[in-house]
Amino acid sequence: MITRPLLHRRTVLRGLGGLGGACIALPLLEAMGAWDSPSPGAPRRFVVFWTPNGTILDHWLPTGSEDDFTLSRILKPLEEHHSDLLVVSGVDELSAYQGPGDAHQKGTGQGLTCTELQEGDFPGADGLSAGWGDGISVDQAIADAIAEDTRFRSLEFGVHVYGANVGSRISYRGPAQPIPPENDPKAAFDRIFGDLDVDPAEQMRRLAERELVLGAVSEDYDRLVKRASADDRQKLQAHLDAVRDLQMRLGSGVGVGGACQVPELGVVSDPDSVANIPANGLLQMDLLAMALACDLTRVASIMWMNSATNKPYPWLDITEGHHELAHRGDEDLDAREKLTQINVWYAEQFAYLIGKLKSIPEGEGTLLDNTVLIWVNEHQKGNVHDRHSIPYVIAGGGGGSIKTGRWLDVPGDVPHNNLMVGLMHAMGLEEVTSFGNPAYSTGSIELG
Amino acid sequence: MTALASGCGGSRSPAADEGEATGGTGAGDPAGTSSGGEDTGAMADACDGRRPGPAPIRRLNRREYDNTARDLLLDDSRPASAFPPEEEALGFNNNADALVVTPILAELYLDAAEALAAAAVADHLPDLLGGCDPDQDGADACADRFIKDFGRWVYRRPLDDDDVAALSALFSAAEDQFDFETAVRLTLTAMLQSPHFLYRVEVGAPIEGDEDNLRVGPYELASRLSYFLWGTMPDAALFNAASSGGLDTAAQVADETRRMLADPRARETVRDFHGQWLRLAHIDELEKDPDLYPDFDPALLPLLRAEADALIDDVVWEGGGDFGTLLSAPYTFLNKALADYYGVEGPSGDAFERVDLPPGHASGILTQGGLMSVLAKHNQSDPIHRGKFVREGLLCQLIPPPPDNVMAVPPEVDPDLPTRERFEEHTKEPLCAGCHQMMDPIGFGFEHFDGIGRWREIEAGQPIDARGELLGATVSGEFDGVPGLAALLDQSPEVDACLTKQWFRYAYGRVETLEDRCTLDALSTRFSDSGRDIQDLLVALTQTDAFLLRPVAGEGDPE
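Protein chains in written order, with numbering that gives the first Met the number 0: chain Y, 0 to 447; chain L, 0 to 558.
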């Protein structure tokens, strides 16, 4: 069997002296001490945690009142972070009942874009009937506003996201511009931290070289864009924009020190294997947290599995496929129990990420205090593909913009566009009044 | 567009819809083009004039990138393995419209270009300079030779003045700031990110008296040929043909194609096509329930793929039969490990040999363990998706997804009930029956093959019932077992038309449009007339307006 090639693994492996299987620690980073520490004025961060196939609402909904609520079974693993939570129930993906696509395609492609999918021929989970999402996703809209200075505009992590279709993407730079998540922690590590062990002089040299090269490359695209046909121009322009984005970020350095320490990446098991999902998920969350701590990016997402994934959860002794289980009727108590267990497990992962962000001191508090972390599910209920009352859980203070320790139940038909507007407000984009398709965007769910 | 697409026609006979029901591998048929030959006559008079269809700019996919790096720089590192997977469309990963560039890909292009250029300068500097020696011949002369002579290999055409000026400016700046060798490396790094390397930029040449169409230029055509047939850049012979008028006529292009088909790289392309069309590429990703299928060892996966490739190679290249043989061969190709897996008498070594299987068991690729395991669940067979595969992949007819309000629950494995009985709910429920009658009765014909593609006589204590029915094809009817199904398919012209359409999509990197109706009909007719010779189909694909011409794009002005 062909295993994943380990290209571009140069930095980490060299540091190891060839000790296969050992932790990839990077003590060499001490050499980077000359670099500046992260700036003390803590930035706000935005993180999406995405899981598929809906939940079991009865076991998810808290009980009690807004300020005095009890977490029910699925969210119980979040109990230790009770005061950092803002549980949001009752918000509806109204747009996701419209436009092309089956329920899974809509729930996934519209979850963060809040507008109808494009017409298209891309195969979805149940067949085909949709194209890509037709607008920028909320994480990217936020990145455009707050990520000008960081090394990466945003980082998209996957855990077991396979294929390339509307069901395997949540994040969009714009209409039909999906951003693929990286499943492989090794590849993610190399991209994010891989060149930090190079000495500063070498860094400066590489920077100068890249400035020259990318300058020439972007002029090359610019010349061709001007004489391309309309359709080709759109594609080439997107490429040119991507090159310019790279150019702009070239000079963004990294301040290793303090809370920013390059994580230790243990043995990375094959990300294509279902059995490795729990271990690789933890690694990805570690990398995500440290990328934030190092201020390499301020916007990130982690997509656990595909829309409508039918993978089993063998580590929970669940051998049936998730999608199959999610489709069983309410009377199937065995399926409900297993779906509950799956969502409890995701809650445990979410709790881990919260804990991770909380463990990173920042100013007087922690990184979590300056973060808006939101758990988004593809659906509310799998067997009828219900996209009403999507189970959202927000964690983190957003730099004081979010009032946590609350359960916000939103009655009536309130579109998820409004929640995105509220999130953007919490991220400091106060002027935003509408997100996604304005036909659905009727206001804001304020989170403060 | 058709009864199939609008809900599968309920209880009425889909055969009444004739050749109009079309679609693709897990994809629809946006153009609504015909799949059958019935209406060719009616369309014939509309087939005058040139009709190239659209010609969107095409970006190299990962396979093409790696192959090009190998052939251009003798670099086998396959750097594109680090790129994100292509966005697939219509079952293929080379669709021009789907291959957009995101910031992460641009970043990975930079990384890959840096690594390739560094290795090339370290290992092959004299070759990059074409033998020019900076000490003897002067740095400027060598820079010029590198840019113009090596550059034409990178851009796959002679460089124009703008190209030379831009690259020379970069070279000078890099040489001033660093040194000559660094300048070579950085210039090459930029070239490898150029649109003229990463894309196939086509300008075309005017055709006298035709304001609507352009001839694809000779170098552009050389790249069309090499990327279609080899998945890589043109070789020296193709470049020479391009520069000397050797690709000016369709006959010359056909000759060149025949030469290229004799090269092993063409075999790789044919395997790549089948890997996507027949989903064989998914064999490598298979995971099965280890409790139910303890024999399904991951070490078998490459062998299952090799079994499929061996049959494809035999049919396409070794005269093992026509295209129909691919779906009906009563034999397969095994080595010892696979023969042991299947429990049949076979070779005693690692090499693959042709093995005749018991009568009624085998039907070409359709009954091989690879495809059968892909078209199965992790813990059982999957008649629905096996039927769907035949319907969509082989007949190019679309099955719409289940409606939103349907609970599409595959039945649980029950040791006391055969798969067939557990899945028969679909055909009982009226809401489901309309579509499922187009899939399940086909899929039941595969029931001798379990979730890992092994033959079984008994399931849940009962003998396997592999009777099935094919509806909605030109030759519909009942059958027993996959060979019976294959015999029906063999009589149905839409299978030939479907294969032609799949190759069209793969070769041209786009979906067919109404403009392409005549091209598709002509290709399909020629394919059937050729005795379903795949090699001849590949030649035919280079002879169409869609391949030799491109439309004039009227919107080239900047905004």
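Treat the hints with care, since some could be wrong.
Claimed, not checked - Taking lysine to aspartate or glutamate and the EDC-like style, the derived pairs with C-alpha atoms no more than 20 Å apart in a straight line are: (1) Y:75 with Y:323; (2) Y:310 with L:296; (3) Y:402 with Y:147; (4) Y:225 with L:159; (5) L:147 with Y:218; (6) Y:75 with Y:347; (7) L:287 with Y:218; (8) Y:310 with L:411; (9) L:287 with Y:347; (10) Y:310 with L:286; (11) L:376 with L:288; (12) L:376 with Y:323; (13) L:287 with Y:316; (14) Y:310 with L:159; (15) Y:310 with L:284; (16) L:287 with Y:67; (17) L:147 with L:254; (18) L:376 with Y:347; (19) L:427 with L:468; (20) L:376 with L:321; (21) Y:310 with L:290; (22) L:376 with L:415.
As the list claims (entries may be wrong) - Over the 10 Å line for every Cβ pair with chain L, so calculated as not near, a few chain Y residues: (23) 213; (24) 228; (25) 410.
As the list claims (entries may be wrong) - Derived contacts from chain Y toward chain L, CB cut-off under 7 Å, selection only: (26) 216; (27) 220; (28) 223; (29) 230; (30) 231; (31) 238; (32) 244; (33) 245; (34) 249; (35) 277; (36) 281; (37) 364.
If you're looking for bench data, these hints aren't it; they were derived computationally from the structure. Positions of the beta carbon are idealized from the N, C-alpha and C atoms, including for glycine.
Against the structure, the hints:
1. Y:75 with Y:323: Between residue 75 of chain Y and residue 323 of chain Y the Cα gap is close to 25 Å, so the pair fails against 20 Å, i.e. violated.
2. Y:310 with L:296: This hinted pair holds, its Cα atoms lying about 19 Å apart.
3. Y:402 with Y:147: Measuring from Cα to Cα gives roughly 27 Å; hence the hint is violated.
4. Y:225 with L:159: Holds, at about 16 Å.
5. L:147 with Y:218: It holds: about 19 Å lies between the C-alpha atoms, which stays within 20 Å.
6. Y:75 with Y:347: Given pair residue 75 of chain Y, residue 347 of chain Y holds - Cα atoms ~9 Å apart, limit 20 Å.
7. L:287 with Y:218: Distance of about 50 Å is beyond 20 Å: violated.
8. Y:310 with L:411: Distance of about 15 Å is within 20 Å: holds.
9. L:287 with Y:347: This hinted pair is violated, its Cα atoms lying about 27 Å apart.
10. Y:310 with L:286: holds, 10 Å
11. L:376 with L:288: holds, 9 Å
12. L:376 with Y:323: holds, 11 Å
13. L:287 with Y:316: Holds - the C-alpha atoms of residue 316 of chain Y and residue 287 of chain L are around 15 Å apart, at most 20 Å.
14. Y:310 with L:159: violated, 53 Å
15. Y:310 with L:284: Measuring from Cα to Cα gives roughly 12 Å; hence the hint holds.
16. L:287 with Y:67: This hinted pair is violated, its Cα atoms lying about 46 Å apart.
17. L:147 with L:254: At roughly 29 Å apart (the allowed maximum being 20 Å), residue 254 of chain L and residue 147 of chain L break the hint.
18. L:376 with Y:347: violated, 29 Å
19. L:427 with L:468: holds, 16 Å
20. L:376 with L:321: With Cα atoms ~31 Å apart, residue 376 of chain L and residue 321 of chain L exceed 20 Å; violated.
21. Y:310 with L:290: It holds: about 16 Å lies between the C-alpha atoms, which stays within 20 Å.
22. L:376 with L:415: Given that 20 Å is the threshold and the Cα spacing comes to 18 Å, the pair holds.
23. 213: At about 7 Å from chain L, residue 213 of chain Y fails to clear the 10 Å cut-off, so the statement is violated.
24. 228: violated, 3 Å
25. 410: holds, 24 Å
26. 216: At about 5 Å, which falls below the 7 Å cut-off, the nearest Cβ of chain L leaves the hint on residue 216 of chain Y intact, so it holds.
27. 220: Since the shortest Cβ distance to chain L is 6 Å, the answer is holds.
28. 223: Given a least distance of 5 Å, the restraint on residue 223 of chain Y holds.
29. 230: holds, 6 Å
30. 231: Residue 231 of chain Y check passes; min Cβ-Cβ to chain L is 4 Å, inside 7 Å.
31. 238: holds, 4 Å
32. 244: holds, 5 Å
33. 245: holds, 6 Å
34. 249: At 10 Å from the nearest chain L Cβ, residue 249 of chain Y fails the 7 Å test, so the hint is violated.
35. 277: violated, 15 Å
36. 281: Result: violated, 21 Å to nearest chain L Cβ.
37. 364: violated, 32 Å
The earlier numbered hints that this structure contradicts are 1, 3, 7, 9, 14, 16, 17, 18, 20, 23, 24, 34, 35, 36 and 37.
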